[in-house]
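Chains as they are written, first to last, in the working numbering: chain A, 1 to 155; chain Y, 1 to 155.
The reader is advised that the hints may include incorrect statements.
A pair holds if it fits inside one copy or across any two, identical chains being indistinguishable in the list.
[To be verified] With a cut-off of at most 25 angstroms between alpha-carbon atoms, the simulated PhoX-like pairs for lysine-lysine come out as follows: (1) K142 - K126; (2) K128 - K142; (3) K142 - K125; (4) K105 - K137; (5) K79 - K47; (6) K126 - K105; (7) K128 - K105; (8) K47 - K128; (9) K105 - K125; (10) K137 - K47; (11) K79 - K114; (12) K47 - K126; (13) K125 - K137; (14) K137 - K80.
Just so you know, the hints here were simulated from the structure itself, not pulled from any lab data.
For reference, the chains in residue letters:
Protein chains: 2
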Amino acid sequence: MEEQAIQDIYPEDYAWCYGCGRLNEYGLQLKTVWDGEQTVTTYTPRKEHTAIPGFVYGGLLASLIDCHGTGSASMVLHKKNGYVIGDGAEPPRFVTASLHVDFMKPTPHGTPLKAIGMVEEIHPKKFKIMTEVYADKICCAKAEVVAVVMPETFT
Amino acid sequence: MEEQAIQDIYPEDYAWCYGCGRLNEYGLQLKTVWDGEQTVTTYTPRKEHTAIPGFVYGGLLASLIDCHGTGSASMVLHKKNGYVIGDGAEPPRFVTASLHVDFMKPTPHGTPLKAIGMVEEIHPKKFKIMTEVYADKICCAKAEVVAVVMPETFT
Numbered sequence: 001m002e003e004q005a006i007q008d009i010y011p012e013d014y015a016w017c018y019g020c021g022r023l024n025e026y027g028l029q030l031k032t033v034w035d036g037e038q039t040v041t042t043y044t045p046r047k048e049h050t051a052i053p054g055f056v057y058g059g060l061l062a063s064l065i066d067c068h069g070t071g072s073a074s075m076v077l078h079k080k081n082g083y084v085i086g087d088g089a090e091p092p093r094f095v096t097a098s099l100h101v102d103f104m105k106p107t108p109h110g111t112p113l114k115a116i117g118m119v120e121e122i123h124p125k126k127f128k129i130m131t132e133v134y135a136d137k138i139c140c141a142k143a144e145v146v147a148v149v150m151p152e153t154f155t
Numbered sequence: 001m002e003e004q005a006i007q008d009i010y011p012e013d014y015a016w017c018y019g020c021g022r023l024n025e026y027g028l029q030l031k032t033v034w035d036g037e038q039t040v041t042t043y044t045p046r047k048e049h050t051a052i053p054g055f056v057y058g059g060l061l062a063s064l065i066d067c068h069g070t071g072s073a074s075m076v077l078h079k080k081n082g083y084v085i086g087d088g089a090e091p092p093r094f095v096t097a098s099l100h101v102d103f104m105k106p107t108p109h110g111t112p113l114k115a116i117g118m119v120e121e122i123h124p125k126k127f128k129i130m131t132e133v134y135a136d137k138i139c140c141a142k143a144e145v146v147a148v149v150m151p152e153t154f155t
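Bound-form chain A, shown alone (with noise of 0.2 angstroms):
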């Protein structure tokens, strides 16, 4: 059985994300597993998202950087609570605060991304979250992000 990502689990108003939303048919469905203490979310480009022909656009690596930021800390937060994915409980949406991108490397296109979080949490309801963004062996951005429980009301 395929292991389930957070975003699988995600309330469903919460679940139209341009990023990550499942129901958003759309988008780029990205989705976000548990390695050992690690979390990672893989992603394989669309032949659409260039930068300059052969390389993947920089605002793609963001927004993998983005919703696997948001992912990690409520997967981090949902098992401080003392769940585990698929047990039935509803996991925290959090937005993001902050988004910081160091693009290290051309990212080539064609092969699958792989982003590796470690999260810290600075306060009950703020986590910090530490991405690096592989193809294949290449490290081509390094980031951080500043991941925020989603207020009640969000306007």
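Knowing the structure of chain A, use the given hints to seat chain Y on it.
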């Protein structure tokens, strides 16, 4: 006559970017123009560019800021080199070294977004672009991009 954007005069090989390539039919086709000393990129998100319903996806804002940054740097260096958009000279093409976005407010969907930039030269081949993104009068994001002239060989 409509004012030309910097992206309208990028060399054809560099006009395939998912964010701002005029030849990428699936992309956002972002376009950046002068407004006095500031650079401006206006974009109306598609229906599917949602975070949660009613609000715009952060990765879309990051993409807008990214291409607005490289476009703005290109405009400033092109001008410094003595050219104006439309005189037939090819502008320099930039790549993003780093991207930082602070999300200030949830971004309402259904209204054009306006990225407004100020450019600072930090080295003849390296520029910093400070950008604010507005939805109507709401400042939704503040950002800083460092863009560098694209190297001759990209790999």
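Hint by hint, here is what the structure shows:
When the C-alpha separation of K142 and K126 is checked against a cutoff of 25 angstroms, the pair qualifies both within a copy, at 20 angstroms, and between copies, at 20 angstroms. In the homo-oligomer, the alpha carbons of K128 and K142 lie at most 25 angstroms apart both inside one protomer (13 angstroms) and across protomers (19 angstroms), since each shortest distance falls under that limit. For a Cα distance limit of 25 angstroms, the shortest separation of K142 from K125 qualifies both inside one copy, at 23 angstroms, and across copies, at 22 angstroms. Taking the shortest Cα distances, K105 and K137 sit within 25 angstroms of each other inside one copy (12 angstroms), while across copies they are farther apart (37 angstroms).
Taking the closest pair of Cα atoms, K79 and K47 never come within 25 angstroms of each other, the shortest separation being 36 angstroms inside a single copy and 33 angstroms across copies. Proximity of K126 to K105 under the C-alpha cut-off of 25 angstroms is restricted to the inter-copy arrangement: shortest distance 16 angstroms between copies versus 30 angstroms within a copy. In the homo-oligomer, the alpha carbons of K128 and K105 lie at most 25 angstroms apart both inside one protomer (23 angstroms) and across protomers (19 angstroms), since each shortest distance falls under that limit. Taking CA atoms no more than 25 angstroms apart as the test, K47 paired with K128 passes in neither setting, with 31 angstroms inside one copy and 30 angstroms between copies.
Taking identical chains as interchangeable, the C-alpha atoms of K105 and K125 lie at most 25 angstroms apart only when they sit on different chains, with a minimum of 17 angstroms there against 33 angstroms within one chain. In this assembly of identical chains, the alpha carbons of K137 and K47 lie at most 25 angstroms apart only when taken from the same copy (21 angstroms versus 36 angstroms across copies). For the homomeric pair K79 and K114, the shortest alpha-carbon distance inside one copy (22 angstroms) is at most 25 angstroms, but the shortest distance between copies (39 angstroms) is not. For a Cα distance limit of 25 angstroms, the shortest separation of K47 from K126 qualifies neither inside one copy, at 35 angstroms, nor across copies, at 29 angstroms.
With identical chains, the CA atoms of K125 and K137 are never at most 25 angstroms apart, being 34 angstroms at best within one copy and 29 angstroms at best between copies. Neither within a single protomer nor between protomers do K137 and K80 lie at most 25 angstroms apart by alpha-carbon distance, with minima of 32 angstroms and 39 angstroms respectively.
Hints 5, 8, 12, 13 and 14 from the list above are not met by this structure, while the remaining hints are.
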